[in-house]
Amino acid sequence: FEQFKKFLLINFNHKDNLFFICRSGSRSLMAAQFAIKFGFKNSFNIYDGFYNENDQNWKKNLPVKFI
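Position 31 of the sequence shown, counted from 1, bears residue number 31 in the numbering used here, the numbering being contiguous throughout.
No lab work stands behind these hints: they were computed from the structure. Each residue gets a CB set at the ideal place from its N, CA and C atoms; glycine is no exception. Treat the hints loosely; a few may be bogus.
27 Å max Cα-Cα, derived BS3-like pairs, lysine-lysine [stated by the list, open to error]:
hint	residue 1	residue 2
1	K6	K37
2	K41	K15
3	K15	K5
4	K5	K41
5	K37	K15
Pair by pair, the computed Cβ-Cβ distance ranges are [what the hints assert, rightly or not]:
hint	residue 1	residue 2	range
6	K6	K41	14 to 20 Å
7	P63	N42	28 to 34 Å
8	C22	E2	18 to 24 Å
9	L9	M30	27 to 33 Å
10	D48	K6	16 to 22 Å
When you get a sec, could you build the whole thing from the sequences and use the hints?
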């Protein structure tokens, strides 16, 4: 968790909006909760994850940064 905290502190400002997404929405929920705990109050989870069951496909066109 300390590495994640260090990563956030180095790369983002506490006032930034941070949106976390994973495959199902569970790991990104934990990440958003930890980010809030670390002082990043504008942290959000994409609750249904990247592979959702709706057919809107809005996520398919999002810019993605793999880290």
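Structure-based check of all given hints:
no.: 1; hint: K6 <-> K37; result: holds (13 Å)
no.: 2; hint: K41 <-> K15; result: holds (7 Å)
no.: 3; hint: K15 <-> K5; result: holds (15 Å)
no.: 4; hint: K5 <-> K41; result: holds (13 Å)
no.: 5; hint: K37 <-> K15; result: holds (14 Å)
no.: 6; hint: K6 <-> K41: 14 to 20 Å; result: holds (19 Å)
no.: 7; hint: P63 <-> N42: 28 to 34 Å; result: violated (19 Å)
no.: 8; hint: C22 <-> E2: 18 to 24 Å; result: holds (20 Å)
no.: 9; hint: L9 <-> M30: 27 to 33 Å; result: violated (18 Å)
no.: 10; hint: D48 <-> K6: 16 to 22 Å; result: violated (29 Å)
Figure legend: structure checked against the earlier numbered hints; hints not met, in rising order: 7, 9 and 10.
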